[in-house]
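Make a model of the complete structure from these sequences and hints.
Chains as they are written, first to last, in this note's numbering: chain A, 285 to 515; chain B, 1440 to 1658.
Calculated directly from the structure, the hints in this document are not laboratory data.
Any given hint could turn out to be false.
[Claimed, not checked] Here's a subset of chain A near chain B, in silico, CB distances under 7 angstroms, partners left out:
#: 1; residue: 311
#: 2; residue: 382
#: 3; residue: 393
#: 4; residue: 409
#: 5; residue: 458
#: 6; residue: 462
#: 7; residue: 511
Every residue gets a Cβ at the ideal spot worked out from N, C-alpha and C, and that includes glycine.
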Amino acid sequence: MINKTVKNAREAVADIPSNCMLMMGGFGLTGIPENCISALLEKDISGLTIVSNNAGVDDFGIGLLLKKRMVKKMISSYVGENAEFERQLLSGELEVDLIPQGTLAERVRAGGAGIPAFFTPAGVGTEVAEGKESREFDGKMYLLESWLKADFSIVKAWKGDTAGNLIFKGTARNFNPIMAAAGKICIAEVEELVEAGELDPNQIHTPGIYVQRIFQGVDYEKRIEQRTVSK
Amino acid sequence: MLTKDQIAQRIAKEVKNGQYINLGIGIPTLVANYIPEKLEVVLQSENGLLGIGPFPTEDQIDPDLINAGKQTVTMAKGSSLFNSAESFGMIRGGHVHLTILGAMEVSENGDISNWKIPGKMVKGMGGAMDLVASADNIIVAMQHCSRSGESKLLPECSLPITGIRCVKKIVTDLAVLDISPEGGFILKERAPGVSVEEIKAKTAGKLIIEGEIPEMIFE
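Have a look at this one:
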């Protein structure tokens, strides 16, 4: 087995340069690569384009990278809970591509799976359709959307092994598996790293072929955005 | 006029046994509280969960388990987890039977606007465009008028569109209305104590009134 292990987040992100394209897993604050975000914050880089469903909150997740002005462009589907994001966007400091969530997911999946484009019904008749080719199939209109690929994809899993195989937990899976496949280099941080052979192959969500670097993260905060309990 | 909970309660009467259902954020989330227990339905959360259970108790809270509104949830018996591409595959593939979501505006031909106010608020469309473009059965839950008193049922949407010709039914604080395939809001039911005249006055789009319009019944 090829050993993908690196020491920590700092080593994993050491060669990420300015002006590159990153994908970051997570939905809201669930399943985000907390350790790598902290390590990126220590670096003196900027001009990043980040593909991520959301943009974190003001003081956690990708929100921290925005605050430090490291991000040139976000490619996301929903950014509702981030005041700094909204400020930078409305003032023109930040470029944003807002993409329907299913289209975003499928574009990432396509990027990892070698499919350059596909037709989807999402966005027909809306501003999302502007400038895009559309075509009718069986009496319904669809838009042509293209793949997304990244220089680096950064994902967070629950368990992983030294061969890069990953297992996710709950809804922390979200965009992580598809992004793992769509990055030229995929960095995976995991809560528990074990030796190759210790995970049940039947239970692997992301095969190690997609993962180039893996390390065991520390001090996960797992902040909750909408703590909702039953009465 | 109906409260938000009553709107949710009325929509719950549209739910049928055996359905897979996607509930949007806001009033639609409340619908789950009113689905009769005898019905076996599965709630889909587009961030990757089929089988949303009740909100957790304090000691059940798991930060790795949230719904599409980012609220902490539990998993119902027989639930399953998957990635975002698979989730929208099941939505676009027509496997989800019923979609319930909120709206800022609905037009008389079933167009919906619910994602953007130009120059004001930027939130993004999330999964709404995928959901409305794919679902066969879409019910909108919303207030009949905006906070400033403007009708939200219009000849044409004035805000950026989320999807075209997709809404089938609307439940507001005043009425239940179906979208006519030929265009127009067909008034089906009135909220208790609300007159047809009031609904007429507060509906800017074409309102179709056929025969006596019954009041909604709440058990």
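Quick one: which hint numbers does this structure break? Sort them smallest to largest. When the structure is compared with the hints, none of them turns out to be violated.
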